[in-house]
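Trainee: All chains, please: the whole structure from these sequences, using the hints.
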Amino acid sequence: MSSVYSVSQVNAYIRNMFVQDFMLNRISVRGEVSNCKYHRSGHIYFTLKDEGGALSCVMFAGSRRGLAFPMKDGDRVVVRGAVDVYERDGRYQLYAREIALEGAGLLYERFLALKAELEEMGMFAPEYKQPIPAYVKKLGIVTAPTGAAVRDIQNIALRRNPFIQLILYPALVQGEGAKESIVRGIETLDALGLDAIIVGRGGGSIEDLWAFNEECVARAIFNCRTPVISAVGHETDTTIADFVADLRAPTPSAAAELAVVDIRAILDRMALYRRRLQGAAARSVGVWRERLSAWQKRWGYLSPENQIREKRQRLLDLENRLQEGARRAVTDSRHRLQLLIQSIEALSPLKRLNQGFSYVEDREGRAVTSIRQVKTGDGLIIRVTDGSIRSTVTGAEERRRGESGD
Numbered sequence: 000m001s002s003v004y005s006v007s008q009v010n011a012y013i014r015n016m017f018v019q020d021f022m023l024n025r026i027s028v029r030g031e032v033s034n035c036k037y038h039r040s041g042h043i044y045f046t047l048k049d050e051g052g053a054l055s056c057v058m059f060a061g062s063r064r065g066l067a068f069p070m071k072d073g074d075r076v077v078v079r080g081a082v083d084v085y086e087r088d089g090r091y092q093l094y095a096r097e098i099a100l101e102g103a104g105l106l107y108e109r110f111l112a113l114k115a116e117l118e119e120m121g122m123f124a125p126e127y128k129q130p131i132p133a134y135v136k137k138l139g140i141v142t143a144p145t146g147a148a149v150r151d152i153q154n155i156a157l158r159r160n161p162f163i164q165l166i167l168y169p170a171l172v173q174g175e176g177a178k179e180s181i182v183r184g185i186e187t188l189d190a191l192g193l194d195a196i197i198v199g200r201g202g203g204s205i206e207d208l209w210a211f212n213e214e215c216v217a218r219a220i221f222n223c224r225t226p227v228i229s230a231v232g233h234e235t236d237t238t239i240a241d242f243v244a245d246l247r248a249p250t251p252s253a254a255a256e257l258a259v260v261d262i263r264a265i266l267d268r269m270a271l272y273r274r275r276l277q278g279a280a281a282r283s284v285g286v287w288r289e290r291l292s293a294w295q296k297r298w299g300y301l302s303p304e305n306q307i308r309e310k311r312q313r314l315l316d317l318e319n320r321l322q323e324g325a326r327r328a329v330t331d332s333r334h335r336l337q338l339l340i341q342s343i344e345a346l347s348p349l350k351r352l353n354q355g356f357s358y359v360e361d362r363e364g365r366a367v368t369s370i371r372q373v374k375t376g377d378g379l380i381i382r383v384t385d386g387s388i389r390s391t392v393t394g395a396e397e398r399r400r401g402e403s404g405d
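For the sequence shown, numbering that gives the first Met the number 0 gives the first residue as 0, with consecutive numbering after it.
Keep in mind the hints are simulated off the structure, nothing from the lab.
Note that beta-carbon positions come from the ideal geometry of N, C-alpha and C, so glycine has one too.
Hints are supplied without guarantee of correctness; some may be wrong.
As the list claims (entries may be wrong) - Mimicking DMTMM-like on lysine to aspartate or glutamate, the simulated pairs with C-alpha atoms at most 20 Å apart in a straight line are: (1) 136 - 213; (2) 114 - 213; (3) 36 - 72; (4) 71 - 88; (5) 114 - 245; (6) 136 - 151; (7) 114 - 214; (8) 71 - 101; (9) 128 - 118; (10) 374 - 363; (11) 71 - 31; (12) 48 - 83; (13) 48 - 101.
Stated by the list, open to error - Pair ranges (Cβ atoms, derived): (14) 54 - 124: 33 to 39 Å; (15) 34 - 14: 22 to 28 Å; (16) 22 - 202: 32 to 38 Å.
Mentor: Shown next, in the form of structure tokens:
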């Protein structure tokens, strides 16, 4: 009896056969789109059909960069991807990586081949991208001299910065000789020492934009010393020039906005910074004025002149105190002297004389206080309040004991 396999084993075996088939891993299929559904997850589910059959297809959200147009039912497209088996359902389908409209199929194949070659050479690497100067003063433009692209770039650039210098190289951007004209334009403007160069044109079909998918144009952009902004077609259009350029703009108008700074915004920021600076300066000046005032007060207090003034005032105070002390001392001394004078006056003979007493002295001016100091016939002087009396001793009597002195 032959071996019996499970459904999963059979599906896995078949899937392995598909994986090992080189042709099925890199295949391009032409057909008409039907049942096209954009899932909210970002995946696109659709069926590719022709007169003889139909093929289920899916493009995952991670591969949406390979779709450069909004796909819908009825479009005739060329889908490039891999055929594989979904094991759970046991059915195969085409996993799309890139989708192009059928009319552009051969050109799209060339586009993908050149893109892969240049990417492998590193021409798309971020480390080779030059930054666009923040303030572009001289801007080069490589595009057709007539058309919407150059007018849009001029209008927007001059509106954003009326002082910018625009240098146009009138190039062919379509048809025979276009790629050579674009290369000459890039090389010519690169030699002028500009700040940046815009290379582009308006929208069109893949055939109209093909000059920007040529290898010589890609190499001219890569070798350009001046930063290059690619502005080819509309937002959904993608060319080799976009990958090689230092910056990709979705449209020529957007390229002008990316390259030229808005001078009004700068002036507004400068005015804001000026107001902030003036406010900060005023606050700083106020703070330093307060500090200076405090320092002036401290310096005025600690200055030699103020110290001399304070010492002088203190000296005057001490002098006043000394004078006041001296005056009080003199007053006190005078008061004490007055008391002493009064005490002396109380003991003075003259005071006694004023009270009715007299003072007796001999001819030589000696005070006579005892009868023993005189004898009969001696001359005496008796001093009274209003003068003196001269007399002669005629006799003397001794006071008896017990008698009053009156």
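Trainee: Can you give the numbers of the hints that this structure goes against, from lowest to highest?
Mentor: 1 and 4
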